[in-house]
Amino acid sequence: MTGQIAIIGAGPSGCFLAQALLKAQPDLRVDLIDRLPVPYGLVRYGVAADHQGTKAVTRQFARLFERQGARFFGNVGVGTAVTLDDLRGAYDAVVLAAGLSADRALGIPGGDLPGVHGAGKLTRALYEHPEAEALPELGPNPLIVGNGNVAIDLLRLLAKSPEEFDGSDLGAGPSDWLAGSGIEEITITGRSPAAAAKFDTVMIKELGKLTGVTIRVIGAGDSDDPEAQKKLAALTALEGGDGPRRITFRFGLTPLAVEGEGQAAAVRFDSAEGEEVLACTSVLTAIGFDTPGDLPRDALLQDEQDGGLAAGLYATGWFRRGPRGTIPDNRADAKALADRILGELTPDPAKPGAAILQGLDAITDYDGWCRIDSAETANPPPGRCRAKITTREAMLTLARQEDMQ
Amino acid sequence: MNIQVLYGTETGNAEMLAEDIAAELEAEHEVTATNLSDFDPADFDRGTLYLLVCSTYGDGELPASAQPFAEKMEAEQPDLTGVHFGIFGMGDSEYEETFNGGPATLAELMIARGATQLGERIAHDASGADMAEDLAFPWAEEIVGMASDALGQAA
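Chains A and B, in that order, give the protein sequences.
First residue of the first sequence? That's 134 in the working numbering, and the numbers climb one at a time after it.
First residue of the second sequence? That's 158 in the working numbering, and the numbers climb one at a time after it.
Think of the hints as simulated: they come from the structure by calculation, not from any bench.
Mixed in with the good hints, there may be bad ones.
[To be verified] Derived Cβ-Cβ restraints for the label pairs, each shown as a range: (1) B/ALA269 x A/THR459: 23 to 31 Å; (2) B/GLY285 x A/THR459: 20 to 28 Å; (3) A/GLY202 x B/GLN274: 36 to 44 Å; (4) B/ALA286 x A/ARG457: 30 to 38 Å; (5) B/GLU231 x A/GLN362: 17 to 25 Å.
[Said to hold, decoys possible] BS3-like, lysine-lysine: derived pairs with alpha carbons at most 27 Å apart: (6) A/LYS484 x A/LYS156; (7) A/LYS468 x A/LYS188; (8) A/LYS468 x B/LYS229; (9) A/LYS331 x A/LYS468; (10) A/LYS188 x A/LYS254; (11) A/LYS363 x B/LYS229.
For glycine and all other residues, C-beta sits at the position ideal for the given N, C-alpha and C.
Next comes chain A alone, as it looks inside the complex (with noise of 0.2 Å):
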């Protein structure tokens, strides 16, 4: 063994560093630590239930266990079942890949009225994640604030038919939800121009797919950029469509207070022609994430360079970049990262790694996750590849189940 390496976070860019760490250095002692009892974080439970392809990138994140000889230590919550100077103790490195997991907050008037929803809440409602609140009441005129790829994965799913998720892995009860919603028209607003606006062209087309929608585009201008001009001719091409759900996009419009008595009824926005009220019957935000506040992010970071925070501890993926980027942006951060830790460790044979958490209850490893895999695959629903696991202790029971027949 070369040294050893705690991963906080089994999400994309843990395995991604995990992966380059490994790939770098095959003797390594990696292990991944994940506060749910189940690896791959965002894949599981942020990329859209109907973006199966973009899920494939799990089968890289398998052979890590499989053939690589990563460990995954799961339902782990590093502050709480241990603490971060513990890792720190036992492992040559520790690498915070935790993620943001927490919606950012409005910070307007009215930005906390019932009816005001964070867009990762929601999601990860939408996603069973076990820690997931009920799905909310949205009412048939939902408003979207934020316009980037989280804003747009939003309002597609919002928009879609029964039948267009077939194939997903969209659950039975958020199914139900989203048939039964009752949404007549969602509005979907950003405070850039739309030459500025922070989705990814091929998002935009992606909308061009949906059946049951007529998209309007109002005022989207235009822009002598080229990248700026493929974004606005993917819009405009959107126009149009004969579907009873009606979808506006909306552009250049600052959000100044949410308003309504007791429950969230409009927004109030700032604009180049003046103030703006906005009707609408929910108010879903997009607008980024920031970490739940279960590690002192702001002060880990503070000396924060190239993924280095201090002696043996590193950050990477949005934990350290923030919340931008896509799982591939996060991948090169990742290969840096690896370098980097490669050229400064100094392995400690003395120091325990993973054996200071081997008193801790109801950890669990890599084979735990295959049978809940299996199982959540087994028997998908006719329309579905999977049907999750809703909750931690049926995770957990599943994943202790020895292979009995």
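Please arrange chain B on chain A, whose structure you already have, making use of the hints.
Same frame as chain A, but now just chain B:
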């Protein structure tokens, strides 16, 4: 036969498949798998069969690791007459307009410099039911079969 599997990847899936193809062929051939980002077009060799594995990224573009290669092809303008290649694309039909745009661009780059494509360009669909290797292994065998004729004649 000397075979070099060249891959253009963004999320690593094409890299994984390229390594699998190399492993599948190495019992009977001299095989290496190389990232396109680490390959110089000046090094193309007429006695080697090139198996290209390439994904698509963004709005139908070449994946990140193929972009430096495309830039070098543009800068060096190598004469690839007599160079033989097969190409396997990886894509996701959820994005139907841009599906397999990357491999199509890569094949065009090769053909524009005079290289000869063997066989059809295969497109694996990550949203489909097939595993990439289930399409790629038979494809690789087929291209190797075609190449033994083509490279034999060239020699």
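| task | Please write out, lowest number first, the hints stated earlier that are contradicted by the structure. | result | Failing hints: none at all.
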